[in-house]
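Single-letter residue listing:
Protein chains: 2
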Amino acid sequence: MEGVRLVEEALGSGCRVEAVLFSESGERHRERLAALIAREEMGFPVLQTTDRLFEGIADTEHPQGVAALVVPGKFVLEEVLEGRGKRTQDPPSQTEGGAPGPLIVVLAGVQDPGNVGTILRTAAAFGATGIVTAATGQSGTASPYAPKAMRASAGAALHLPIVGGVGLGILLTQLRVRGIRSLASCVAESAGAVAPWEVDWREPVALLVGNEGAGLPEDVVASADARVHVPMATRVESLNAAAAAAVVLYEAFRQRRSNP
Amino acid sequence: MEGVRLVEEALGSGCRVEAVLFSESGERHRERLAALIAREEMGFPVLQTTDRLFEGIADTEHPQGVAALVVPGKFVLEEVLEGRGKRTQDPPSQTEGGAPGPLIVVLAGVQDPGNVGTILRTAAAFGATGIVTAATGQSGTASPYAPKAMRASAGAALHLPIVGGVGLGILLTQLRVRGIRSLASCVAESAGAVAPWEVDWREPVALLVGNEGAGLPEDVVASADARVHVPMATRVESLNAAAAAAVVLYEAFRQRRSNP
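Which chain is which? The protein sequence lines are A and B, in order.
With the numbering used here as the guide, the letters of the first sequence map in order to residues 360 to 619.
With the numbering used here as the guide, the letters of the second sequence map in order to residues 360 to 619.
The set of hints was computed from the structure by calculation and includes no laboratory data.
Take the hints with a grain of salt, since some may be wrong.
[To be verified] If you want a taste of the chain A side facing chain B, the calculated C-beta under 10 Å gives, among others: (1) Ile416; (2) Thr419; (3) Arg480; (4) Ala573; (5) Pro576; (6) Arg613.
A virtual CB, placed ideally from N, CA and C, is assigned to each residue, including glycine.
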């Protein structure tokens, strides 16, 4: 995790931190992080290096000179589907509304790390309880922990239970066994697809999001319980993958709030 | 405009095209564009160049070898506020629902060209009738016609009436004179801010979107008719500027459709 904002997020996330590294010019951020680093349970080394060496390991062009080595939480599919192990700084009393059950986001072939990060950030903001990443026959899903995805997620990846490498067939079966409705997000209009406001999001649901260009594999769409499509003003227009996911997750959140 | 998809969009937009350029390897896209280029009203030269020269002028790393020189439509503030001069390939009969009046998006200090492009794409998809770009005291707004913004907008910038360089004071006055409600989009929760679903979007409205970090200038927020904030599941989370705009414009579209 690189940059003062993400390191701060990591230190407050409850994830295990192995080390924090400051460069010479990064020292100016030490005060902001001091209270978090000083906490008793933080037994990791705080290291120093030169600006030149830091630039060599940094992923960004103009690094802020602060980085942390973080071990993200490990989850199994069962925990993610049940929403167990959710990490958040927020005491439950600050949460608006009661979550009526799982709201899972399944990324199936989302290739761009920026899109993966943005969708995770939106998912966290709208109360998703877990994330599954899966590859399709055609494409993999970018790692939520890749530097670009982490920056786009603003650290949200550390607050959500995430599981990867699950086969889509197994996943669809598991969802059915647990009574979680699977909704395939479709970019193109298709017969039988419903608008986001036509879905009852207060039920336990999993939203499947596919590849930016190709969408979800046909057999996955066919096996899902329903298809959801965001209607648009004119047929020439379209939404990018992250914007479409934001809209659908907002609708879920709007319905799930106690006072809609 | 670079790339086969954007050139296609430009040729179909009704905007004036000054020239189309193919590189050697770009020739493979000529067939896809042939029908559009051959139309009678298209009196522009079709030029050819080598791959090497094309790479020299291209903005992308792996150019597709097709580019067009396009003159975007010029609009004055009056036309944009009235939604006149909207360019779209869609005949009105294909438009879902009737637009109940202006839905203006004002970009005030949105610095990232990717965000500007994504917001324009979302605005077009959800039936915005016009776009105003403005600078604030703290920051300018990236040009909608910059290559990165154009790619992120998927050409939507060519379908929308856009006017730039308007002072925010003048704009707020003009909105009031025309009976268009101004809504300041606020990233942080603030007293008196309403949720998107609490706004009546069927009225003529202008949504003001501010800088990614700093938001809208305080005096603009104070002068707007209302503040709109997207509620979130927990206070630690946040939305990026483009995702927040997508959600708010979706809500406007949802309400404006004839059969909500």
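Hint validity - isoleucine 416(A) Cβ closer than 10 Å to any chain B Cβ | violated, 24 Å
Chain B contact restraint for alanine 573(A) - C-beta distance below 10 Å | violated, 15 Å
Interface hint status, proline 576(A) versus chain B (Cβ within 10 Å) = violated, 23 Å
Using 10 Å as the Cβ threshold, decide whether threonine 419(A) counts as touching chain B.
-> Hint on threonine 419(A): violated, closest Cβ of chain B at ~15 Å, above 10 Å.
Does arginine 480(A) meet its interface restraint, that is, does its C-beta lie within less than 10 Å of any C-beta in chain B?
-> holds, 6 Å
Are arginine 613(A) and chain B close enough, Cβ to Cβ, to be under 10 Å, as the hint says?
-> With a closest approach of 6 Å, the arginine 613(A) hint holds.
Figure legend: structure checked against the earlier numbered hints; hints not met, in rising order: 1, 2, 4, 5.
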